[in-house]
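Engineer: Residue numbers (our numbering), protein chains in the order written: chain Z, 3 to 184; chain S, 566 to 684.
Read the hints as simulated data drawn from the structure, not as lab findings. Misleading hints may appear alongside valid ones.
Covered by chain Z, according to a simulated footprint, are these stretches of chain S (three or more residues, beta-carbon under 8 angstroms) [stated by the list, open to error]:
(1) 633 to 640
(2) 644 to 655
(3) 658 to 667
(4) 672 to 684
Across the chosen pairs, the derived CB separations fall in these ranges [as the list claims (entries may be wrong)]:
(5) S:611 - Z:63: 43 to 53 angstroms
(6) Z:90 - S:583: 16 to 26 angstroms
(7) Z:7 - S:648: 14 to 24 angstroms
(8) Z:59 - S:656: 42 to 52 angstroms
(9) Z:89 - S:651: 23 to 33 angstroms
(10) Z:97 - S:655: 27 to 37 angstroms
(11) Z:161 - S:577: 13 to 23 angstroms
(12) Z:180 - S:574: 16 to 26 angstroms
(13) Z:59 - S:585: 28 to 38 angstroms
(14) S:577 - Z:63: 40 to 50 angstroms
(15) S:569 - Z:51: 42 to 52 angstroms
From the derived model, a few chain Z residues whose C-beta atoms are all more than 10 angstroms from chain S [stated by the list, open to error]:
(16) 6
(17) 9
(18) 20
(19) 31
(20) 34
(21) 38
(22) 58
(23) 66
(24) 69
(25) 91
(26) 92
(27) 93
(28) 104
(29) 127
(30) 172
(31) 180
For every residue, glycine included, the Cβ atom is placed at its ideal position computed from N, Cα and C.
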Amino acid sequence: MINPDGVLAHARRLAGSGRGRPPDADLRRAVSAAYYAVFHDVTDRAARHLIGSSSDAERNRIRRSWSHGEIVSLANMVVARAKTIAANPAAPMTKELSEWGPLGDIAARDADLVTALRLFSELQEQRHRADYDHDARFEKLTLLTACQDAQRARNLIASASAASREALFTLLTVRRKDFRER
Amino acid sequence: MGYSSSDAAHDAAEAARADEALDAALEAAYSIGASFVTDHQDSPLSPHVSVSLEVGAEDQPVFVFSLLVELEDDLDPNDFPEDEIEKLQSALRARIVNTPVDDWDWIVTTGTKAGAARQ
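Okay, chain S solo, but in the shape it has when bound:
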């Protein structure tokens, strides 16, 4: 049995559904990032979230949430605001869980606005 035209049609329909789901997840990801920033405007670290869709370790899509905060990019490790960063990271992760993004691989990575501006 070879690969029939009905197999091809089925595969094309599956691919179209996956593309639609990915588009919906990307839209949700942008929305999560924007609402997170709005809701944390009063944080002393003034977080910003940028979202990108990349190719992950298993050649699968991975959503990368870059949490950028108001700190010097050459900060002394002794001044690392561990608790505040963990709170922000946990809050962002909690927003991602159980959304359409959560049907895909995703990560939260942390950096500084200063570092992002430098590159």
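Chain Z with its partners taken away, still in its complex shape:
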């Protein structure tokens, strides 16, 4: 079972102890792992929301079905809706979001959840740079702040209202066409 706490602890360990400059490969792996800690936390929570009484094995199969792209796409949609509401609380929803009734607004009105989703989106972009961008520059402070952001995102998801989390995880579910493992 992939444990988000363990993944984040692994990322932090790659910073080493004491002074020194970790190898570039360690820095990149750690930045990537910081993102994965949040990703696995989100899929764990979403699977528990969907089939919380099922076995670990069944929930893990469901966790495998969510892709990075669809989670960040939803995160960006909720963040965009939060911006719209901040500017005009009576603004109509986009066509896509309106298909899901009040769910988008329930999620978008929770500041903690919106901040967490912004961090998720940033961490995913950082992970992409760490894994694929040969020219991107990383150092120990980048690693430490990525871990800090990841923990903060997880804390904010935990401290968000139960209603907004449920709306988010329901959106993650209803936007799917199937639950095949990826």
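Once you have looked at the hints, place chain S on chain Z.
Structural biologist: The following block gives chain S in isolation, referenced to the frame of chain Z:
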């Protein structure tokens, strides 16, 4: 129905508008970086912000705000000034939100001036 000349004209106009919006966002990004540095001159971490426009995960433009601070690049993790860094990051992010930059993807990444000078 094929791709007509009016379709091409429409697409060209859309592309031109997107380019203009991106240019405006880049200008705003530079301005955010510069004003942030000015307003945080008294911070013990003496932050500097550099801005670059890169290609992101979905092949879309992404603004990268590199927050560089006055720390050793080989710092002991036990000396990581977590609260000060978080304050700076949050302040920078707050400045980016609801600006033309915020219509695009953006990230804040943190490093040290010493590390930047080394590379």
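Engineer: Which hint numbers does the structure go against, in order from smallest to largest?
Structural biologist: 11, 12, 13, 18 and 29
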